[in-house]
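Q: Top line first, the protein sequences correspond to chains A and B.
When we follow this note's numbering, the leftmost residue of the first sequence carries the number 221, and every step to the right adds one.
When we follow this note's numbering, the leftmost residue of the second sequence carries the number 841, and every step to the right adds one.
Derived by calculation from the structure, the hints in this document are not laboratory data.
Among these hints, one or two may not hold up.
[Claimed, not checked] With beta-carbon atoms standing in for the labels, derived distance ranges: (1) L947(B) to L223(A): 46 to 52 Å; (2) W348(A) to G1008(B): 25 to 31 Å; (3) R243(A) to D950(B): 42 to 48 Å; (4) R956(B) to A230(A): 38 to 44 Å; (5) R526(A) to L947(B): 30 to 36 Å; (6) I344(A) to K857(B): 46 to 52 Å; (7) S422(A) to Q843(B): 26 to 32 Å; (8) F523(A) to E959(B): 53 to 59 Å; (9) I344(A) to T1053(B): 50 to 56 Å; (10) L223(A) to Q1027(B): 57 to 63 Å; (11) L298(A) to K857(B): 50 to 56 Å.
A quick note: this is a predicted structure, and the numbers were derived from the prediction, not measured.
Positions of the beta carbon are idealized from the N, C-alpha and C atoms, including for glycine.
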Amino acid sequence: MKLERTLILAFLAVAALLPFVMRSEYLLHIGVLVLFSLVLASSFNLIVGYVGEFPLGHMAFFGIGAYTAALLSTSFALPIWLTLPLGAVVSAIFGFAIGGITLRLRGPFFVIITLCFAEVLRLIANNWVTLTNGPMGISGIRKPGWIEAADALTQKTGFYYIALLLAAIALYVAYRFVYSNIGRAAVAIRENRFVSQSVGISPFYYALVTFILAAAMAGTAGAFYAHYISFVGPEVFGFAFMATTIIIVLLGGKGTLVGPIVGSLVAVLLEEYLRDFKELRLSIFGVIVMAVVIFMPNGIMGFIARRREVRDGGAQPSAMALTGREVADARGA
Amino acid sequence: MSQPVLQLLGVKVAYGKVQALHGVELAVEEGEVVALLGANGAGKSTTLRAISGLLRPTAGDILFNGKSIAGWAPDAILRAGIAHCPEERHVWGEMSVDENLRLGAFLCNDRKEVDRRMELAFERFPRLRERARQLAGTLSGGEQQMLAIARALMAEPKLLLLDEPSLGLSPKISDEVMGVVAELQGQGVTILLVEQNVHRALRVASKAYVLETGKVVASDTAEGLLGNREVLRAYLGA
């Protein structure tokens, strides 16, 4: 808990100082991508890591946030400090509706049905031309006035700090969530649904609350994306964002607060670095992810945590190196 | 005679299309330990799950202090005063003993009250105090069972449903667990106990029901049942 907080604060502090030394549009763009991915990954991690279900259609909420911001900005000329929270609210409402249906299912059924919702939304975005402009998408989403007036480098810096603010909020919310009663309940359910019910925790209720929170976070990320790229098309519901987010969370370590930070840094930088390999890029990426899943099933942070346990538990290494479940398995066998 | 704490009236439960309970009738009086006996698959655990709301009865009624609780959500039933200590001594293996116990009082929002109950739990089970910081998964089987019981008691229930507390434990540890059951009764906790081992259960219980394929086929006082060789042989293999 202590270490987690220190790492998060250190990351945010370094991130806040970076633009003073990193005076390059390209590098700042990468920075924005890292921070933006971090928000999305933190949101996804709440469900994968704490509810223990895998919402393959999570980008539905990202897309809803993006379209909400795009429509509010172009039709009503609402400023960014209104469209970001509104994107979150609209996504949360969808989260309530979709979560209310899908969280009654578990395992593969949940995965498929959430994916279906994302796909339905993509089709709507593609075909409801009068609202969404169909495949043409919505362009010309306004940047904040003070950013528009500035030169290119200052523009990037401005967006960088907005992204940093969102990332800080996302991490703070995730932190508060994990160490609240709701977070504890969610972990209890993930670890043992049956016992949770026996102590009076209602699995559906806590899963739904988490789901809505995650939806709101993803919606904020979507709204930010809309303003940053200033264009939103049906591909925001597509699988590309989903794939990156899954990779980040698995790579960094699901169910840890620092995991999404590490994952975003590694994944975004790697993705940029591998650009030279053109078509091969995604294949190489895929191999790396497979290797991580096989050799570090709990991600980088899970791997580090495990090493620490082995080191600190020197007195009774055999028991402490194993997680509780492994001990239980060993005993049952 | 006073009103029973718990009363099951013709309770039927089905898993999908498979009927598991065919109209179970039983009553538990305040302050007593009642044993629910029967072979594997007779419906003992199913009965407990129906009482604690994990399963919804398809017919019949469950009365707790005279009030119907059939069909209530598990947390509402726990709030009303029935705690369920599930079989196979499920604990949260990757959480500490302390965290496991605190989660047992999840419905209690008063920190001071939770601390008081923690103290009570540690007084009842001194071994758990020694191991408070340890991961529950690293406890021995007997300790895990004690933890599961202590956790159920953190809700301060009026009635405790105890599902096979001696399952998979050595005879010596099982006797210890039964000792705990007897102690709890002395402290005024009403207990409905599911057990495979007839003799062990009847040492602490005052009354017992015998279940067979989802129906109560015999019920008697502990002495009465121990003297009834036919029932013992036919249903309990003892």
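Q: Work down the list of hints and note, for each, if the structure agrees.
A: Here is what the structure says about each hint:
The supplied range of 46 to 52 Å is broken by L947(B) and L223(A), whose beta-carbon atoms lie about 31 Å from each other. As the Cβ distance of W348(A) to G1008(B) is approximately 59 Å, the hint placing it in 25 to 31 Å is violated. Under the hint 42 to 48 Å, the C-beta atoms of R243(A) and D950(B), about 55 Å apart, miss the expected range. For R956(B) and A230(A), the Cβ-Cβ distance of about 39 Å falls inside the hinted range of 38 to 44 Å, so the restraint holds.
Under the hint 30 to 36 Å, the C-beta atoms of R526(A) and L947(B), about 34 Å apart, fit the expected range. The hint said 46 to 52 Å for the Cβ distance between I344(A) and K857(B), and at roughly 38 Å that hint is violated. The hinted range of 26 to 32 Å is satisfied by S422(A) and Q843(B), whose Cβ atoms lie roughly 29 Å apart. Between F523(A) and E959(B) the Cβ separation comes to about 39 Å, which falls outside the hinted range of 53 to 59 Å.
Between I344(A) and T1053(B) the beta carbon distance is about 53 Å. The supplied range of 50 to 56 Å therefore holds. Against the hinted window of 57 to 63 Å, the Cβ-Cβ separation of L223(A) and Q1027(B) comes to about 42 Å, which falls outside the hint. For the hinted restraint 50 to 56 Å between L298(A) and K857(B), the CB-CB distance of approximately 55 Å keeps it satisfied.
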